[in-house]
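Student: Chain residues, written in single-letter form:
Number of protein chains: 2
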Amino acid sequence: MAQTTDMYAALDQVIPAVREEFETLLCDLVQIPTVSMDPAHAGDIQRGANKAAEILRACDAQAEIVETPGNPVVFGQFMVNPAYPTVAIYNHLDVQPANEPEWQHEPFVFHREDDRYLGRGTTDDKGPALTALLAARFAVQHDVPLNIQFIWELEEEIGSPHFAHFIRRKRKALTCDSVLVSDTVWLSRHQPAVPYGLRGMLPLQLRLQTGSKDCHSGLTGGVARNPVGELASLIARCYDAQTGRVKIKGFYDDVRRSSRAELTQFLASGFSLATFKKAHGLRKSRTNDVREAVQAIWSRPTFEVHGISGGYQGPGVKTIVPASAEAKISMRLVPDQDPKRILALVRDFVKQHNPDVTVTCDGMLPPYLGECSGAYADAVREAVRFGFGKLPSFTREGGSIGAVVTLDQMLHVPIMFLGLSLPEHGYHAPNENFDWSQASGGMRAFVKYFEQLSQMTQRAAGVVAPSV
Amino acid sequence: MAQTTDMYAALDQVIPAVREEFETLLCDLVQIPTVSMDPAHAGDIQRGANKAAEILRACDAQAEIVETPGNPVVFGQFMVNPAYPTVAIYNHLDVQPANEPEWQHEPFVFHREDDRYLGRGTTDDKGPALTALLAARFAVQHDVPLNIQFIWELEEEIGSPHFAHFIRRKRKALTCDSVLVSDTVWLSRHQPAVPYGLRGMLPLQLRLQTGSKDCHSGLTGGVARNPVGELASLIARCYDAQTGRVKIKGFYDDVRRSSRAELTQFLASGFSLATFKKAHGLRKSRTNDVREAVQAIWSRPTFEVHGISGGYQGPGVKTIVPASAEAKISMRLVPDQDPKRILALVRDFVKQHNPDVTVTCDGMLPPYLGECSGAYADAVREAVRFGFGKLPSFTREGGSIGAVVTLDQMLHVPIMFLGLSLPEHGYHAPNENFDWSQASGGMRAFVKYFEQLSQMTQRAAGVVAPSV
Chain G
1 MAQTTDMYAA
11 LDQVIPAVRE
21 EFETLLCDLV
31 QIPTVSMDPA
41 HAGDIQRGAN
51 KAAEILRACD
61 AQAEIVETPG
71 NPVVFGQFMV
81 NPAYPTVAIY
91 NHLDVQPANE
101 PEWQHEPFVF
111 HREDDRYLGR
121 GTTDDKGPAL
131 TALLAARFAV
141 QHDVPLNIQF
151 IWELEEEIGS
161 PHFAHFIRRK
171 RKALTCDSVL
181 VSDTVWLSRH
191 QPAVPYGLRG
201 MLPLQLRLQT
211 GSKDCHSGLT
221 GGVARNPVGE
231 LASLIARCYD
241 AQTGRVKIKG
251 FYDDVRRSSR
261 AELTQFLASG
271 FSLATFKKAH
281 GLRKSRTNDV
291 REAVQAIWSR
301 PTFEVHGISG
311 GYQGPGVKTI
321 VPASAEAKIS
331 MRLVPDQDPK
341 RILALVRDFV
351 KQHNPDVTVT
361 CDGMLPPYLG
371 ECSGAYADAV
381 REAVRFGFGK
391 LPSFTREGGS
401 IGAVVTLDQM
411 LHVPIMFLGL
421 SLPEHGYHAP
431 NENFDWSQAS
441 GGMRAFVKYF
451 EQLSQMTQRA
461 AGVVAPSV
Chain L
1 MAQTTDMYAA
11 LDQVIPAVRE
21 EFETLLCDLV
31 QIPTVSMDPA
41 HAGDIQRGAN
51 KAAEILRACD
61 AQAEIVETPG
71 NPVVFGQFMV
81 NPAYPTVAIY
91 NHLDVQPANE
101 PEWQHEPFVF
111 HREDDRYLGR
121 GTTDDKGPAL
131 TALLAARFAV
141 QHDVPLNIQF
151 IWELEEEIGS
161 PHFAHFIRRK
171 RKALTCDSVL
181 VSDTVWLSRH
191 QPAVPYGLRG
201 MLPLQLRLQT
211 GSKDCHSGLT
221 GGVARNPVGE
231 LASLIARCYD
241 AQTGRVKIKG
251 FYDDVRRSSR
261 AELTQFLASG
271 FSLATFKKAH
281 GLRKSRTNDV
291 REAVQAIWSR
301 PTFEVHGISG
311 GYQGPGVKTI
321 VPASAEAKIS
331 MRLVPDQDPK
341 RILALVRDFV
351 KQHNPDVTVT
361 CDGMLPPYLG
371 ECSGAYADAV
381 REAVRFGFGK
391 LPSFTREGGS
401 IGAVVTLDQM
411 LHVPIMFLGL
421 SLPEHGYHAP
431 NENFDWSQAS
441 GGMRAFVKYF
451 EQLSQMTQRA
461 AGVVAPSV
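Going down the list, the protein sequences come from chains G and L.
At position 174 of the first sequence the residue is numbered 174 (our numbering), and the sequence of numbers has no breaks.
At position 362 of the second sequence the residue is numbered 362 (our numbering), and the sequence of numbers has no breaks.
Calculated from the structure, these hints are not laboratory results.
Don't be surprised by glycine CBs; every beta carbon is placed ideally from N, CA and C.
Among these hints, one or two may not hold up.
[Said to hold, decoys possible] Derived contacts from chain L toward chain G, CB cut-off under 8 Å, selection only:
| hint | residue |
| --- | --- |
| 1 | E100 |
| 2 | S309 |
| 3 | T319 |
| 4 | S400 |
Just chain G, same shape as in the assembly (with noise of 0.2 Å):
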């Protein structure tokens, strides 16, 4: 390695060098819209994963498109030096819908802003995985005696379903001695957060057929069955939706309470509820007390309805009847809730209500909790430092990233969080972007933890790392 302070040096004139590229590659990623959600989409997850591999391929890096029963994964590395300590950095390149009337610009198209980059995908989760492979190439290049590997997912936004395929078929390539996730988000510009927990999640898709096509609403109307009022009548009696309050029975036994040191850790972390309020555009929200608003969005479970479909949806009122009617929900979980525990008490609470109500569950993803003190801790809180001048505060993350599960049980190793996004990013919204300062500001981090990494893994004990 070359000396510590020759190689930053040489980051500060590598970092504005390699900006072009970085948005070429963005832009790259961007333009192909790798909705895994839709499958109509197929064909552009194969293209964005053989786009993915083209890319490490380019940055000198090793690439494999390993194949699931689902979508691939693609798996990069630089291989070093076997002796060399091995991280694994985790990222996901699929990316949510963009169907919002919202959009300003057209969602698969990378448009760039003076420092900010808008296009789906931006910053969920393709931009901080570029930035890590630009720091990986520059860690490598400057002989940092690690190995780096790279694990582009392309089913994060459906709950992971064949991430664990993917660790089975690779567990004789996977060397790592710990896991960075990039894909999570800072309380605001001005805070960085490391989280250390996730909730889970399970989906699910409520169908009711009362009829075999939609109905004149006067002709009908009293004698025939309503599915969407079913529906709705059904979701009230889950869920209190102005408090958010889960009323099915027993959902709440297992939900571990925060002790009071990690509620005050909570407090202490920097979160605004105003800030928050503005980055996601909210008029409103369920409390303004910030003691019940950190707990309610990392380590309380949630209900929530994303849609009702089946009914007119166009201009006016169609005065029908509907046949059918879908309501997609999902539950986050938090520790120590069981997924399948849940979706058993779900699926009975539907059945005492209205029996004729099929519940669909298309996967399901159980809470994460890992360590926020240690070494690796401590290396995440000096590589942010170091990369961005703010020492980061320590959360729960309200969102769920399947594979962190599968890579924590299949594994055993420790891993660690070093997201980008900020809460203006807009994840899962119309408008994401991302944005230079946070690229640029990461792969300085990045740098910097591959460097504290090079020099603590036991597994490197015994090796000296050459010296120019």
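Keeping the supplied structure of chain G fixed, place chain L upon it in accordance with the hints.
Tutor: Using the frame of chain G, we list chain L on its own:
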């Protein structure tokens, strides 16, 4: 007038002879998608009006397109002799949207299958309009001493908001002594029905905006309000979807209970719940008690949800908290419910339970209750018997025809109903159809009704019909 026996002998020959003409005209009208609910079809409405006027003129009637602040009304007439009595026949030429996925043929391409005519508007209400026109032309050609007017509306499916404007503009020309409405549905193919009452209607849109953009349900779930969930909860408070019972205080206050005599008449009407469920494709119904069912569809009010939009409706489960949601609902009202009072009740109820929800009302129709006895009712009864060989039941109709209320309030003449549609024709439903059996029987019934009218109207007193 020719000897009636000669005239009816001629009618038996003319009906098969005009079948091809009828089908050509119906094709012409069906292929213009006169969807009044969708502003995108404004041009089609105008084309529909032009085509209708052209058809009237081709049948030797006078025709005029009467503009209103909304869609025009086509006004036609055979004004044979001012001294003759005059009947006005009401139909509408606008149609429901046809967005249902179950359509087996293009809804706006006329499709003939043996005796069936498929396409949006075939039975509601273009087929009955043309049936009445061809019957009227025959009656005039055969010197029935009667003037016949045609009121063809193009806003029926949106509650006839400008129909009163038309009546005011043409008040002097509307010299009719009675009105015949042909836009209702039989109990079954074997049981004609003549309604004497219509339910009113109050269509509303409930809107709730809680944010400026859709949000990630992991990042914001727990703190962010969910507008789909809140609308579902509000709807569940408004009514019990399983029983249909409305829970808004005061909603039932003014409902006039059916008399025992009326209920007996309902039960003797030939209504069959099994036939009804089959015709409308209902898998289960709210009640299996026929006594409950006839009241539920004819003499009790309803609350329906037609659709809830705003969330994600594509494949899979997109885990967003939507920024806004909209529920399309309507209530069918019965005598003596006042739509204005009901609207005020709903507004108060919504304000009390969720003050952030806005209630938009784009129109309202009071309920209508006419006569089921007397000379006009006798004439309709005889006309149906003559046309179809079956005596009709006098019932109420669960649907609403806004123009009827306006005609009643502004013209003060008897209004009778002679509908030709069958439950299986699919009013407002996919694969809407009409058939030659109903059209040909309908022509006989109309001619018979015209002949009876020419004999009985008081204004006809002293006028001796020419006899050939």
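Student: The structure should be examined with respect to each hint, and the outcome stated for every one.
Tutor: Do the hints match the structure? See the list:
Interface restraint check: L:E100 against chain G, minimum CB-CB distance 6 Å, threshold 8 Å, status holds. Taking 8 Å as the C-beta cut-off, the interface hint given for L:S309 holds, the closest approach to chain G being about 4 Å. A distance limit of 8 Å between C-beta atoms decides the matter here; for L:T319 the minimum to chain G is near 5 Å, and the interface restraint holds. About 6 Å separates the beta-carbon of L:S400 from the nearest beta-carbon of chain G, less than 8 Å, and the hint is met.
The earlier numbered hints are all upheld by this structure, with none contradicted.
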